[in-house]
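Asker: Residue 259 is where the sequence shown ends in the working numbering, and the numbering goes up by one at each step.
Hint data in this document are derived by calculation from the structure and do not stem from the laboratory. Some hints could be false.
[Stated by the list, open to error] Listed next, with one range per pair, are the computed distances between beta-carbon atoms:
{"id": "1", "residue 1": "34", "residue 2": "151", "range": "20 to 30 Å"}
{"id": "2", "residue 1": "20", "residue 2": "58", "range": "38 to 48 Å"}
{"id": "3", "residue 1": "82", "residue 2": "107", "range": "38 to 48 Å"}
{"id": "4", "residue 1": "194", "residue 2": "150", "range": "35 to 45 Å"}
{"id": "5", "residue 1": "194", "residue 2": "100", "range": "35 to 45 Å"}
{"id": "6", "residue 1": "67", "residue 2": "124", "range": "35 to 45 Å"}
{"id": "7", "residue 1": "219", "residue 2": "151", "range": "17 to 27 Å"}
{"id": "8", "residue 1": "126", "residue 2": "230", "range": "20 to 30 Å"}
{"id": "9", "residue 1": "38", "residue 2": "110", "range": "33 to 43 Å"}
{"id": "10", "residue 1": "36", "residue 2": "126", "range": "24 to 34 Å"}
{"id": "11", "residue 1": "149", "residue 2": "33", "range": "28 to 38 Å"}
{"id": "12", "residue 1": "194", "residue 2": "61", "range": "44 to 54 Å"}
{"id": "13", "residue 1": "218", "residue 2": "196", "range": "22 to 32 Å"}
{"id": "14", "residue 1": "82", "residue 2": "150", "range": "15 to 25 Å"}
[Said to hold, decoys possible] Pairs of lysine to aspartate or glutamate, EDC-like flavour, derived with a Cα cap of 16 Å:
{"id": "15", "residue 1": "155", "residue 2": "170"}
{"id": "16", "residue 1": "162", "residue 2": "68"}
{"id": "17", "residue 1": "162", "residue 2": "79"}
{"id": "18", "residue 1": "166", "residue 2": "79"}
{"id": "19", "residue 1": "116", "residue 2": "187"}
{"id": "20", "residue 1": "162", "residue 2": "69"}
{"id": "21", "residue 1": "116", "residue 2": "79"}
{"id": "22", "residue 1": "19", "residue 2": "135"}
{"id": "23", "residue 1": "166", "residue 2": "68"}
{"id": "24", "residue 1": "166", "residue 2": "69"}
{"id": "25", "residue 1": "166", "residue 2": "135"}
{"id": "26", "residue 1": "155", "residue 2": "203"}
We put the CB at the ideal spot given by N, CA and C, even for glycine.
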Amino acid sequence: MAIPPNGCNVYLSELTTGKSDFDSHYSLSNTGLNSNFNKSLTVTWAAFNAMVDSITTNPGNVPYVAPEDLAIKFIHRFEANTSTWFLTAVLCSMAPPDINGNRLLTEVQGQRYDLKNGAITPSAFQGQYDQVYFDSLYYWDGNAWTAMSPNLEAKWNVFPWKIELKALYDQNFAVYTPTGTVSLIFDSCSFYCDVNSKTKFADVAYAHSVAVYIDNGGTILLDNVAPPANAIFVAKAADMACLCPPNCPWYSLAAGLHW
Numbered sequence: 001m002a003i004p005p006n007g008c009n010v011y012l013s014e015l016t017t018g019k020s021d022f023d024s025h026y027s028l029s030n031t032g033l034n035s036n037f038n039k040s041l042t043v044t045w046a047a048f049n050a051m052v053d054s055i056t057t058n059p060g061n062v063p064y065v066a067p068e069d070l071a072i073k074f075i076h077r078f079e080a081n082t083s084t085w086f087l088t089a090v091l092c093s094m095a096p097p098d099i100n101g102n103r104l105l106t107e108v109q110g111q112r113y114d115l116k117n118g119a120i121t122p123s124a125f126q127g128q129y130d131q132v133y134f135d136s137l138y139y140w141d142g143n144a145w146t147a148m149s150p151n152l153e154a155k156w157n158v159f160p161w162k163i164e165l166k167a168l169y170d171q172n173f174a175v176y177t178p179t180g181t182v183s184l185i186f187d188s189c190s191f192y193c194d195v196n197s198k199t200k201f202a203d204v205a206y207a208h209s210v211a212v213y214i215d216n217g218g219t220i221l222l223d224n225v226a227p228p229a230n231a232i233f234v235a236k237a238a239d240m241a242c243l244c245p246p247n248c249p250w251y252s253l254a255a256g257l258h259w
């Protein structure tokens with residue numbers, strides 16, 4: 001069983017285990033394991049960065065969110081006719097941290113984008129969760145394949161922009177020189193938790209999490225080498241690594257990050 005990574009940077013071995021655990025806990029069928037669906041997507045860094053630039057580059061524009069206050073909520077989506085998992089990125093503003101370090105999220109109106117099939121396009125989806133996603137997948141609860149519920153399973157994952165997603169790019173390309181197109185790979189993964197723990201990782205033992213890493217012109221930047229303390233994302237995946245169940249209306253600072 002995979003334990004949630006201690007922090008927000010995921011080593012290759014941790015991601016491999018987390019992807020395997022996702023495969024063994026999510027299925028298209030309630031009669032047996034059927035994980036034969038697309039559960040990874042790739043977009044170019046240029047397109048992803050342009051999405052963020054739309055609200056972070058000009059303080060005089062409305063809407064505007066300072067880069068350090070931007071978080072992106074990735075809602076799990078599903079296209080049933082092609083058995084394809086994808087994401088809707090919701091750009092959000094984070095309030096100042098409360099006494100526990102949590103930052104309340106407020107959606108920036110008109111800033112939703114679908115990440116799918118290598119493209120980023122404005123999204124018409126307005127829900128806080130995708131019923132098609134919950135109607136399409138089943139979850140192994142340890143005894144049987146059960147119908148998914150938005151009251152239990154993860155509806156989304158939240159990443160801060162500046163200290164995690166942008167840091168993923170900046171830290172890697174302080175070490176590596178881009179060779180051709182730079183892309184972000186989003187992988188579905190799960191990490192085991194004790195659901196009875198006061199700091200449980202999610203409402204179910206294996207939550208649908210997302211890990212993001214870099215494809216540098218066809219070379220995947222992932223390894224098991226300990227990174228520098230000041231550059232924790234070098235050849236690592238970023239994940240939200242938040243002990244709050246991934247349904248909360250805030251971003252909770254992950255171990256290894258600081259404002």
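Asker: Which of the numbered hints are not met once you compare them with the structure shown?
Answerer: Of the numbered hints given earlier, those the structure breaks are 3, 4, 5, 6, 7, 8, 9, 11, 13, 15, 17, 18, 22 and 25, listed in rising order.
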